[in-house]
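For chain E, the structure is supplied; the task is to place chain Y on it using the hints.
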Amino acid sequence: MLTALVLLPTGVAALLLCVPRSAPRRLFLVGWAATCTVELALTVAVWAGYRSGGGTQYETRARWIPSAGVSYHVGVDGLSLPLVALACVLFLACSVYALRETRRVREFAALFLFLQTTCLGLFVAFDLILFFVFFDLSIVAMYFVIAGWGHPGAARAALKFFLYTFIGSLALLLGFIGLYLAANPHTFDIVELTQQNPLAGRSLYGGLVLLAVGVGLAVKTPTVPFHTWLPPAHTEAPAAGSAILAGVLLKMGTYGFLRIAMPILPDSWRHYALVFVVVGVVSVLYGALVALAQNDFKRMVAYTSVNHMGYIILAVGAAAAAGDGQTEARQLAVTGAVVQMVSHGLLTGALFLLAGVLYERGQTYDMSAYSGVAGRAPVFAGLTGVAAFASLGLPGFSGFIAEFQILTGSLGPRPVATALALLGILLSAGLFLRALQRIFLGPLRLPEAPGADRPFPDIRGHEGASIVPLLVLAVVLGLAPRFLLDVVEPASRGVLELLSR
Amino acid sequence: MTEMNENPLDLLPEVLLAASAVLGLLLGSWLPRGRQWLVGALAGGVCTAGIVAAGVASTGTAFEGAFAVDPVTATSRIVILGGTLVILALSVAPLRADPRESEFYVLLQLSSLGALMLSGAQDLLLLAAAYLLASVPSYVLAGFRKDAMGTEAALKYYVVGAFLGVLMLAGITVLYAAGRATAYPILRAELAGAPMELSAVGVVAVLAGLLFKAGGVPGHFWVPDAVQGSAAPVAAFLTTLPKIGAFAALYRLGTEALSDSEVPWAALVAVLSALSMTLGNLAAFFQQDVKRLLAYSTISQVGYLLMPVAVAGRADLAQQALLFYLAGYAPTNLGAFAVACALPEARSIDDYRGLARQRPAVAGALIVCLLGLVGTPPTAVFLGKLEAFSAAFDGGYAWLAVLAAINTVASLFYYLRWIAPALSARREERPQDVTRTASVTAYGAAACSVALGLAGGPVLTLLDGSLAR
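From first to last, the protein sequence lines stand for chains E and Y.
Numbering-wise (this note's numbering), the first sequence opens with residue 2 and increments by one.
Numbering-wise (this note's numbering), the second sequence opens with residue 1093 and increments by one.
Since the hints were made in silico from the structure, they are not lab data.
Glycine included, every Cβ here is placed at the ideal spot set by N, Cα and C.
Take every hint as true, because none was put in to throw you off.
Just so you have them, the derived chain Y footprint on chain E, three or more residues with Cβ under 8 Å: (1) 62-68; (2) 122-136; (3) 145-158; (4) 169-179.
For reference, chain E alone in the conformation it holds in the complex (with noise of 0.2 Å):
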C-alpha cells in the first residue's frame, strides 16, 4: 500500500516523458493534477485504516542490501502519516495552481511528481539509508525545479541550495554510518536502533553521532545559523517550487529530529538538549527580526519559515528538560511540534502561492510598488488576510493551536527560553500586519508598466481553487483539531517514552 503510494507518482512522471512533447499542454496538467487526486484519495485510505494508538502500521520490510546492513522498510505512526497527509495535500494544490504552467509542462509536471515520490518516501521510511536516498534525491529535484523555472538569479539561488544541502546531507551520512557501527549487529534500521540505544554510555560517540545528524538535520530544517540558503531560493523559485520545498521539504528536517535523533540518541539528547532550546529560540527572534526588515515580500515569508521553524526546535528541545510531574507539558511540547509542521506546510504553501499570484500580476515582490491593491482584488486581498492572520497565530486557526500547544509544554521546562519566544509571536503579528498594510490599504499604486496602467485581476478559478483548501484546512484544524491530535499525542508518548530511556 505505502510502496504504491511512494512509487506511483514517479510511475506517472516516466509514462509522461514518454509522451511526446508535441501533445497538448493540458494532457500533461490533467494528468499531473489527477495523480495527485489519486494519491490524496489513498492516503485517505491509509488515514481511515489507521487506528490511532496503534503504533506503527502499514509496515513492509524487504531486503535490499543485506550485507550493508540496508532493508526497504517503511510504515507510517503518528508522527509520518499527518505529514505523509500534509504532503499529499501540497503537491494537489501546486498541481492545480500550475493548471495554467506554460513553460515546458512535460517536464514540470515529471519533476515535481518524482519529487512527490521523494518526499513520501522520507516520510515513511524506517531504514536510515532510504531515508538518506529519498532525502539526496529531493535536493536534486528541488535542485531542477529552481534552476529550471525560476526568476533570473535563479541559477546562482539553485546553486547554493544544493551545496548547502548537500553538505547537511554528507553530515548526516556520516552521523548514519556512526550509528551503524555502534550497533551490534552493524544495520542500518532504525527500529532496529532504536530497539538497542546502541550509543548508550558512549557521551563522546554519541555527542560526535548526533553533531553530525544535528547539523544534517538543521541545515535543512533551517535554523540559524545554516538558514542562509533559504531566502535566495525561496525568492528566485517559482511559486510551486516555494510552496513546496517551505511546506513539506523543510519539514524533513524538524521530522528526521523526531524520527531519528531523539529516539536512537537519548542520552545525547538530553545531555545537550539545551543547545536545542537556545537555536531554536534565536531561530525564533532571529527569523521574526529579519523579516520585520523585508521589502521582499516573498522573503519575508521565506524568513518567517525561519522563525515558525524555531518554535518546533524550541519544542523539541524542551521536551529533553528533565524533571519530574512535567510529562503532560513535554508530550504537550512534542505533540505541538508535529502540529506546527502540519499548520506551518498548509499556511506557508498558502502565502507562496498568493506570492506567485502578486508576482503574476506585477512581476515584482516589491512590497513599496503597490499600494492599495484591496480595492482592485479583494478576493486576494481577503485571501492574503486570512493566511496573514493564521500564520501569526490567532485563535481559530491551526497556527494557534501549534503554538499554543508548543508554549504551553515549554513554559514549564523552559521559562526564560519560552518567555523570550513569545516575543517572536509579537514580532511576527507586527510584520504580517505591516505587510498587508502596505499592500492592500492606502491609495491604488501598481508597479510601473510600459504605457497603460498595469490591470490588476483578482484570483482567478485555479488559483482560489489551489489555495482556498488550504486555508480551509487550516482553518478546520484551528477549530476542530481532535482528528489530527488523536493520531499524533499516542505517537509524541512514545517518542517521550523512548527519550526517557
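Chain Y only, in chain E's frame:
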C-alpha cells in the same frame, strides 16, 4: 601456493584476449580497409566470451601461485572486459574505415590484457610485466591521432610512465633484496622479519608505479594533459580500465604481501588518498574544457578508491567496498566520457549550453553520470562510497571519511558548473550533431550505473570471498 597448476584454462579470458589481439594484427594486414571493423567485432566477441568465462571460473591460483583467480580477479576481469566493450562501441564511429582501424583495436586489447594481468598478479615479476603490457600500448593510443595535442599527450604520458616504471622496477629489486622472493605468500612471511626501512623504500617505489597506472597523486601529472590531448574514447579508456587493474594490484599487495610487515601501509595510503582527493578536486574547480574537468575528477575519485585500500585487512568491508566502488565507478565514468564522445564538437562547458532542450536524452545521461560521480543515491557510486566510508570508519580512519565527505561536497560544485549550462536556455544555433553509437552507449552506461546501485544487495554478496593464496 596450494598446488602446482599450469592449466592455461584458468587464464581463459586473458588467453582469449591475447589470441584475438594477435589474430587481429594478422587479419588487419589482409583485410580491405572497408572491412577492418571485423577486427573490432572479433575483439567484442572475445570480451563477451571472457566475461562469461570470468563469471564461471573457479577460485584458485595458477602458474605456481603467480596468478590468483578469486573474487578480486573475477570482478576486475568482468569490469575491465565490460569497459573494453564500451570503449570499442565508442570507437566504432570515429574510426570507421580509418587506415589504422585494426591497429587501434589491437592496441586496445593488449592494454586491457595488461590491466587484467595487473589485477591477478601475485608475484612482483609478473606485476612488472603486466605494468609494461598495460602501459606501452596505451602510450601509442594516447598519441593515436598524430596531431599536436595528441603528441604532447603521448609524450607526457610516456615520460612519466617510463620514469615511474623504472622506479617501480627498482622497488621490486629492493623488495626482493628484503624478502628474498617475489611471490607474495613468501614475501609476506619474509618481510615480517626484514628491516623496516628497506622494505618501506621498496614499497614506496612500487606504489609509485601502481599510482601512475591508477592516476593518483603523486603519479597523476600525466592525467589532465593525456586526457585532454587524446581522442575522447582513448581518454575514457586511460582514466578507467588501467585504474581497475592497478587498484586490484594495490589491494592484493596490501593484504597479501605486506600484511605482516611493519611498513605503515595504512597510514601511507591514507595520506596519499587524502592528497589525491583534495588536489584533484581543487584543480577541477575552474576548468573550462570538459575532458580536462573529467580528468581532474578522476584524480579525486582515485582518492576515494584508496580509502578501502588503506584499511585493507583492518576492516571487513574493505574488499567489498573497493570492488563495488570500482564496478560502479567504471560505468559512471565511461558514461560521462561517452557523452563527450557523442558530442564531438562540444569541447568546453559553454558548448553544452541548452543541451537539455536540444538533446534531452543525452543531457539526462550526462546528469545521471555526473551526479553519479558525486555519489548521489541511488547510483552505484553512492553505495560504493557508503561502503568505503563505513570501511574507513571501521578501520580507524574516521578523519579520512570526514575529509572525503567534505571533498564530495566540494566536487559537487564543478559537476554542477557543467550541469547548469546544459539545463539553461537554448542558444540560437542549430542542434549539435550527435554520434549515435556513442549516445546509445551513454544511455546504457547511465542505466547500468543506476541499476547496479539498485541491485547492490546481491552484487555485494558476490563480491565477498577470501583471496586465493
